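**Student:** Residues per chain are reported as follows:
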Amino acid sequence: MILLSLLAAVTLAIIAQRSLFGVVILSGAYSFLMASVLIVLDAVDVAMTEASVGAGISTVLLLSALYLTKTQESPPRQKMLAPLAVTLTTAAALVWGTQGLPQFGAADTPMHNHVGGAYLKKSVPETGVANVVSSVLADYRGYDTLGETTVILTAGLGVMLLLRGRRRKYDRKKKTRTKTGKTGKAGKAGKAGAGGKT
Amino acid sequence: MKLDLILRITTKLMLPFMLLFAFYVHFHGDFGPGGGFQAGVIAAATMILYALIFGLKAARRVAPRALIERMMPLGVLIYASAGLPALFMGHNYLDYGVLAHDPVHGHEWGILMIETGVFITVSSSMLAIFYAFVERGK
Numbered sequence: 031m032i033l034l035s036l037l038a039a040v041t042l043a044i045i046a047q048r049s050l051f052g053v054v055i056l057s058g059a060y061s062f063l064m065a066s067v068l069i070v071l072d073a074v075d076v077a078m079t080e081a082s083v084g085a086g087i088s089t090v091l092l093l094s095a096l097y098l099t100k101t102q103e104s105p106p107r108q109k110m111l112a113p114l115a116v117t118l119t120t121a122a123a124l125v126w127g128t129q130g131l132p133q134f135g136a137a138d139t140p141m142h143n144h145v146g147g148a149y150l151k152k153s154v155p156e157t158g159v160a161n162v163v164s165s166v167l168a169d170y171r172g173y174d175t176l177g178e179t180t181v182i183l184t185a186g187l188g189v190m191l192l193l194r195g196r197r198r199k200y201d202r203k204k205k206t207r208t209k210t211g212k213t214g215k216a217g218k219a220g221k222a223g224a225g226g227k228t
Numbered sequence: 650m651k652l653d654l655i656l657r658i659t660t661k662l663m664l665p666f667m668l669l670f671a672f673y674v675h676f677h678g679d680f681g682p683g684g685g686f687q688a689g690v691i692a693a694a695t696m697i698l699y700a701l702i703f704g705l706k707a708a709r710r711v712a713p714r715a716l717i718e719r720m721m722p723l724g725v726l727i728y729a730s731a732g733l734p735a736l737f738m739g740h741n742y743l744d745y746g747v748l749a750h751d752p753v754h755g756h757e758w759g760i761l762m763i764e765t766g767v768f769i770t771v772s773s774s775m776l777a778i779f780y781a782f783v784e785r786g787k
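Those protein sequence lines, which keep their order, are chains A and B. For the first sequence, the residue numbers in the working numbering are 31 to 228. For the second sequence, the residue numbers in the working numbering are 650 to 787.
Since the hints were made in silico from the structure, they are not lab data. Fair warning: there could be bad hints in the mix.
Listed below are several chain A residues computed to face chain B (Cβ distance under 8 angstroms; list not exhaustive) [said to hold, decoys possible]:
1. Ser94
2. Leu114
3. Thr180
Keep in mind that this is a model prediction, so the values were computed, not measured. For each residue, glycine too, the CB sits at the ideal point set by N, CA and C.
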């Protein structure tokens, strides 16, 4: 409960913050809090991933993205009413959706009675791996993990292609080109910050 | 960063332990939390810390870009080829039971092999993304 209210406080602070540097640092704090919540929920593998990726790598990457752009959030150009309505509707739908979820920790739910039990029973005799998360990810769901690894390779290639393009060509052309490029990147960084909030 | 003595010395002290922890997370993934992905991220974080404190030039000497760019597809290839022996011996793709005489051992070997593939791809991809951002800023 304390962790969850801290999460809410950090989210509000992110919304109030205009300086993008502060937003990046706060989203790192958000990730560490989220990792603590996951540890409390006994999901140690996910907590480890959240702490290393969410708080470690993505903070560094966002900071290096800030290095390329402006560090101050630009004031909104349109009225905030339409986004507010969309957000409130989505939030209401999500809260309404939680009414249909089973009780927290209930044993007779589909997710506990489907293949989960079979994995828990068969992991050690079939694969000799005590950490069931590893055996499910690498063995029973090997195709999925192969796909995920390919996704990471594709992401790395995509960023390299986007950022390592030839810059001199742009510099020779008119200044308007570079201007639009800059605002585009600022929008990207803002989006990434917003992604950290959800 | 030449004047930041405390940062440099502390980083030098921390780096080997961070790298060792990455390998611990990788090879101990069967029993403890973690696996190739987390280990790869920690190893990449080690290199990023090194690059932040000692500069991009020093980091490039340790992990040249050509090496990083070859490691990215190499990991996926290791993963994908771990499933091939099973295919040739008449089993399903990515069925590691055939990798050793005892199917259970085969599964253990197979999991370690594909985790190595994941480790290589993840660590080099993260580092490549970091390099791309930093080089763009110069």
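**Student:** Under 8 angstroms, Cβ to Cβ, is where threonine 180(A) needs to be relative to chain B, so tell me if that hint holds or is violated.
**Tutor:** Interface hint status for threonine 180(A): holds (6 angstroms vs cutoff 8 angstroms).
**Student:** Against chain B, is leucine 114(A) within 8 angstroms by beta-carbon distance?
**Tutor:** violated, 33 angstroms
**Student:** Is the hint on serine 94(A) kept, meaning its closest Cβ partner in chain B is under 8 angstroms away?
**Tutor:** Holds, about 4 angstroms.
In terms of the numbered hints stated before, the structure departs from hint 2 and from no other.
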